[in-house]
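In case you want the letters, here they are:
Protein chains: 2
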Amino acid sequence: MKMTRAQRLQLAATALGKRKADTVITNGIIVNVHSKEHIRDKDIAITSGAIAYIGDCQQLIGKETEVIDASGKFITPGLIDGHMHVESTMLSVTEFAKAALKQGTTSIFMDPHEIANVFGLKGVRWMHEEGQKLPLRVFTTVPSCVPATDTLEDAGAELLPKDVEQALEWENVTGLGEVMNFPGVVHGDEKMAQEIEATIQAGKTVTGHIPADDPKMLQAYVASGVTSCHETVTREQALEKLRLGMHVMIREGSAWQDVEQLAPIITKDHVPTDNLSLVTDDVYPQTLTELGHLNYVIRKAVKEGVDPITALQLATINAAKYFKCEDTLGSIAPGKWADLLFIDSLAEMKPSSVLVGGKMIYDQGMYKVNFPVYTYPTEAKNSVHLKKELKAEDFHTKTLTQPKVTVNVIEVLENNARTAKAKAELTVRNSIIQSNIKEDIIHLACIDRHHRSGQISNAFVKGFQLQSGAVASTVAHDSHNLLVMGVNKEDMAIAANKIAELGGGMIVVNHGKILAEVPLPIAGLMSDKPLEQVGEQVESLEQAWKKLGCKMNAPFMTFSLIALPVIPSIRITNRGIADVDAFELMPLEITES
Amino acid sequence: MKMTRAQRLQLAATALGKRKADTVITNGIIVNVHSKEHIRDKDIAITSGAIAYIGDCQQLIGKETEVIDASGKFITPGLIDGHMHVESTMLSVTEFAKAALKQGTTSIFMDPHEIANVFGLKGVRWMHEEGQKLPLRVFTTVPSCVPATDTLEDAGAELLPKDVEQALEWENVTGLGEVMNFPGVVHGDEKMAQEIEATIQAGKTVTGHIPADDPKMLQAYVASGVTSCHETVTREQALEKLRLGMHVMIREGSAWQDVEQLAPIITKDHVPTDNLSLVTDDVYPQTLTELGHLNYVIRKAVKEGVDPITALQLATINAAKYFKCEDTLGSIAPGKWADLLFIDSLAEMKPSSVLVGGKMIYDQGMYKVNFPVYTYPTEAKNSVHLKKELKAEDFHTKTLTQPKVTVNVIEVLENNARTAKAKAELTVRNSIIQSNIKEDIIHLACIDRHHRSGQISNAFVKGFQLQSGAVASTVAHDSHNLLVMGVNKEDMAIAANKIAELGGGMIVVNHGKILAEVPLPIAGLMSDKPLEQVGEQVESLEQAWKKLGCKMNAPFMTFSLIALPVIPSIRITNRGIADVDAFELMPLEITES
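So the protein lines, in turn, are chains A and B.
If you use our numbering, the first sequence corresponds to residues 22 to 614, in order.
If you use our numbering, the second sequence corresponds to residues 22 to 614, in order.
Hints listed in this document are in silico derivations from the structure and should not be mistaken for laboratory results.
Be aware that one or more of the hints could be misleading.
FRET-style restraints, in silico, Cβ to Cβ [as the list claims (entries may be wrong)]: (1) D77(B) x E58(A): 39 to 47 Å; (2) H291(B) x M607(A): 50 to 58 Å; (3) E257(B) x E325(A): 34 to 42 Å; (4) T396(B) x E58(A): 49 to 57 Å; (5) L312(A) x E257(B): 36 to 44 Å; (6) D328(B) x E560(A): 49 to 57 Å; (7) G38(B) x E610(A): 29 to 37 Å; (8) A27(A) x D602(B): 27 to 35 Å; (9) F392(B) x Q222(A): 28 to 36 Å; (10) D77(B) x Q222(A): 28 to 36 Å; (11) K154(B) x Q222(A): 18 to 26 Å.
If you want a taste of the chain B side facing chain A, the calculated C-beta under 7 Å gives, among others [what the hints assert, rightly or not]: (12) A27; (13) L30; (14) N53; (15) G76; (16) E218; (17) A233; (18) P236.
Beta carbons: idealized from backbone N, C-alpha and C, even for Gly.
Model the full assembly from the supplied sequences, consistent with the hints where possible.
Below, the structure is given as structure tokens:
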């Protein structure tokens, strides 16, 4: 997506009137995100896919020029999502592009760290390559923490600093993906230091992830060279990060939603907004279908009182600048790619037409282009490797304590990426610790699915309110081992075995029957089906969760995070229960001391 | 000035409290240019020359830690001048640093295009090298237009695209210097296109210079890849450039002063200010002594109603961001070099102390460090090459027309870089066109001083109001040939010959006597003497101009621009009279058509 010298010369020639435009857009109201103005009575001339001139373009219309009438429409820059994981949509990059482009997202900076945890650098390369052929502009930040931790879990693959250095040389790789191992960063972990150094040397962007509240930790992190964060959940945290010069990415994903909490920094604290952007991080298919993509985040921000042009700045030019791509992206100005949206209402942000590179790709509810077909290698669809078929007794947790035992419990919180450390006193029968459905304490297991080790860790979880059955998922951030949770261990075994048969995915089982399944054969993370089909599958999965008794919003997303040992406070991994605060494994059983 | 990985690790260790700070500053009021706040009751901990932590730093004070009490002071980031020519100060980089640091300028982005016109790449290298050893952080933008034009003049040297590419690889070279040949840029001049392309490929900044008002020209220029301009003199121009996504450098130099005109874009139009910065461009020694440097520009902006923190943003973080140096420069935050000013009043911006890299280098009116001595090679001081001694008759302009002739006249405008096309009807005697002192039409000549060609072009100038004598200068932007102007041709010859004897400089002669001279032996542009001495020489030169009748502010600066054929509308070069608008030479004599 680098603009060539020849293209720039063509733009200049068009601006000067020496060459006709390929396309001229007339009669729209241009939204200028630099000056925060609505510009009326000016045309936009497009040549070689980019904007050549803004003004009276009548002289630039030749026989071959396409003239597009944008009467009654606002024209905005295409939206730019500065931090997101395509894998969370359960779609291939291609199918995600189809879902996102019609919502107005024309550029993404994806961090394919889910596939990296399964397949390493080659997985990153597959997704990046898939992205390069699409009408969506796909930029990649190289996953920095694969696996997320060295000591608490085992992923399917590892990215070493040399891999990161290699990927940083690929075209349209713009930086280092969210550096989640913040304790490693601040304490001088060799891998983290090497990756950060390589990114800075390459002149690219070091993106961050630091949910810590300790100012010492935060400032050490910033001093180490990380320049942004999307894990900001309170107004005070946001202010503190802005004061430190960080770029604060305000996140509104499907399962964690920070716009409401953070909008007051704009509407009440009136901070300079140039170091803010809007990002989605993780969205699941229904959100894409029902609410939209980054346009929904803008809508939400506007609803919270942010003025529409400011919200648009946060979703366009600010992200472009943060990734040093503002030469060609982020606004409607000469020299920028003609990625444009026609919008009836800036508050609603629902595009009626989408142009990418000057080409009308979506108009009046229809795509006007064919999307290329990307075929993942066979290897990509063979990622679930269990040692043996699972049985109910594999989920037993044994103890010598009698007749009750106190255990550490992982408590999940709705619409929140964090978990809480809980405790429960449970009954022991035949040396086996029993769940307590009444108190919502049920079984949870994490099974190695990468190395055929047969390793299973068992624990207890609170918050999902399952009354029967079991669920399982190979989407299990970030190592993506096989997660199984349930009230009934037979159902747990069925769920786990069926997932293996599908080659990965998500499933709900009750009384021995499969209620719903979402096959995700690509790395056990992504479907090879179109959005509509995946959306239906996921919808049916969510309904099935409800049938088991779960009342939570997007429970399978919260479930899939339960294995992520870089967000406080307590997690399960294939190795056991992880105390994220202490950054070490903790025992299941609490013995009196 | 790249921060090493080891330095970053030391900062993190200090932030975490694992290592004592080298320096702790207490009790100051920290000016945060990110959040636009005054931060009270926090200390600043410095390690390895950079800021490690902001907050309660008592635990970071060890036996070796220097504690600095900043009670009653504001602490601001060191000022960053995003566009300036050291040569205009007539000082070496070292002597300039001494003058600027105590005014609070801690970083400059210099464009050494004056010396480049005399010595080419080796001249650029000398000045860049001199800058690397100083407490002032000297970044260089590679001169892009040497000579300023290919067709209108002859400089002493040329910079080719391969030279630019080479210099872009030097450490602390951050971009391409003001691309003045805007007609070349927009019309696809090969050299301009190659240089811009090389800079973009290197991930560096393409800085601009476009005084044109034509929106087609301007937009073609932006589309060609240039991202800033410091030649903006009206509010409307500034708004237009901001709308195009350009970074607008608001200039306040000694001879052209744009703050008053442009401040209303902030105070009245309320534009987003993140694409604005304050720069000095060209200042001469007296300004440094009497008014200050970039701190004076801030003071001026505040006087025009800009709030002090906004003005400070424009002179710190905004410039750092524009040059992609915000990882280590531009604000008081962890990971940034500890370049700090102690200030009593933000409106006055007169630092009582200056720290660079955490080291107190200036305090209570005294420098606390020794500046290194840089010795220019002998060649650098041997740059005036005339073919022969000049005589009065060399300045004759001959014509066959009788008894009157109408000629094109270059009219200069006070405090304005532009010139106006004027005409005059002059008397002819013995085929020689006569000046007309009463109408302020006097002699002007531009003599090749680089190639011993003997080439002299003669013309007439209006606006300086000289009543007698002559002036001469080897500071003659940008080719720096030998400019001579006068009422009396004998005095013109004396002035020119004396300049050659001095090895370059500026001079005023009256009735055969030298009234004042400023020897500038380094490339005919810079003194090898300290600021005080040069300041006195220049002061005496300005007085001498007044004695000849000139009432203009900084006449020798305006004079030195009279040969610059990239700023409208009419100029003199060694080849003749240049019509800048048409970008071609024009005849002296106007014949009826």
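Status of each hint after checking the structure:
{"no.": "1", "hint": "D77(B) x E58(A): 39 to 47 Å", "verdict": "holds, 44 Å"}
{"no.": "2", "hint": "H291(B) x M607(A): 50 to 58 Å", "verdict": "holds, 54 Å"}
{"no.": "3", "hint": "E257(B) x E325(A): 34 to 42 Å", "verdict": "holds, 35 Å"}
{"no.": "4", "hint": "T396(B) x E58(A): 49 to 57 Å", "verdict": "holds, 54 Å"}
{"no.": "5", "hint": "L312(A) x E257(B): 36 to 44 Å", "verdict": "holds, 42 Å"}
{"no.": "6", "hint": "D328(B) x E560(A): 49 to 57 Å", "verdict": "holds, 53 Å"}
{"no.": "7", "hint": "G38(B) x E610(A): 29 to 37 Å", "verdict": "holds, 35 Å"}
{"no.": "8", "hint": "A27(A) x D602(B): 27 to 35 Å", "verdict": "holds, 29 Å"}
{"no.": "9", "hint": "F392(B) x Q222(A): 28 to 36 Å", "verdict": "holds, 31 Å"}
{"no.": "10", "hint": "D77(B) x Q222(A): 28 to 36 Å", "verdict": "holds, 34 Å"}
{"no.": "11", "hint": "K154(B) x Q222(A): 18 to 26 Å", "verdict": "holds, 23 Å"}
{"no.": "12", "hint": "A27", "verdict": "violated, 9 Å"}
{"no.": "13", "hint": "L30", "verdict": "holds, 5 Å"}
{"no.": "14", "hint": "N53", "verdict": "holds, 5 Å"}
{"no.": "15", "hint": "G76", "verdict": "holds, 6 Å"}
{"no.": "16", "hint": "E218", "verdict": "holds, 5 Å"}
{"no.": "17", "hint": "A233", "verdict": "violated, 11 Å"}
{"no.": "18", "hint": "P236", "verdict": "holds, 6 Å"}
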